[in-house]
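Asker: Sequence:
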Amino acid sequence: MEAHLQLATHSFPVLSFGTGSLVRLPGPSVEKPNIYSFNTTSYNAMYEDLMTKDPRLYKANGLLPMLDRNRNVKWGPERWQDWKVGVPRLDVRDTQNRGAVGTEAGVVDVVVTCEERCWDSVVDDLLSRGGKLNRAVHVFNVDIKDNHEEALVGGRGILELAGMLNQAAKEEREKHGTGGWDSGTGAARSGFDERVPAVLAEWQERHPNLPALWTLAWF
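Everything in the sequence shown is counted per the numbering used here, starting at 1 for the first residue and increasing by one.
Read the hints as simulated data drawn from the structure, not as lab findings. Computed from a predicted structure; not experimentally measured. All clues given are correct.
Computed Cβ-Cβ distance ranges for the label pairs, DEER-style:
#1 K170 with P65: 28 to 38 angstroms
#2 D68 with K175: 39 to 49 angstroms
#3 L25 with G177: 42 to 52 angstroms
#4 D182 with S29: 46 to 56 angstroms
Below, simulated BS3-like cross-link-like pairs (lysine-lysine); rule was C-alpha separation at most 25 angstroms, straight line:
#5 K84 with K132
#6 K32 with K53
#7 K145 with K32
#8 K59 with K145
#9 K59 with K32
Idealized CB from N, CA, C, for every residue including glycine.
Using the sequences plus the hints, can you model the full thing?
Answerer: Dropping the structure here:
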């Protein structure tokens with residue numbers, strides 16, 4: 001969510017997802033995690049639930065501050081595998097849950113994960129969907145350790161990568177025009193797709209401590 005926050009703060013259109021079957025947060029012991037459902041449980045509900053259980057514990061281990069941040073970023077956690085690609089989203093809610101605040105076309109040009117197992121899940125899921133839209137999507141993994149300090153560093157790195165990719169896309173549009181971009185075709189989109197490996201290589205030189213993976217997949 002730190003990367004989501006930094007991207008949104010800099011006006012990038014961004015969605016965020018988990019890839020597991022359930023949301024699992026640390027509990028009083030390893031054997032007793034706090035478990036919540038994707039798509040139907042808000043971050044605010046999680047926050048209030050932990051406040052009733054053991055606020056001292058969950059403040060000390062950072063869960064309550066994390067959930068407080070998350071509930072000011074989006075309504076609740078969504079699951080990647082449940083995302084209906086190509087279907088406009090009409091249920092995107094603001095942080096006060098006042099209703100729809102926009103629609104999205106249901107496709108993206110870039111996906112970034114923060115853990116290799118999540119990258120594997122996303123790539124496997126895209127393969128299983130069969131690429132019915134025949135639209136390319138660049139799937140990156142930027143490996144980030146699961147703590148506040150590393151999340152800040154990783155979030156800034158992902159923000160910089162997004163900016164570099166955005167600049168490459170802008171240059172290709174200026175060179176070739178915007179025709180065919182939204183459908184994933186056209187000279188500008190092809191030029192952008194071809195430049196992505198070089199952009200990633202340049203970014204990786206700047207961030208050698210953020211191991212990255214990349215593949216081209218299809219919606």
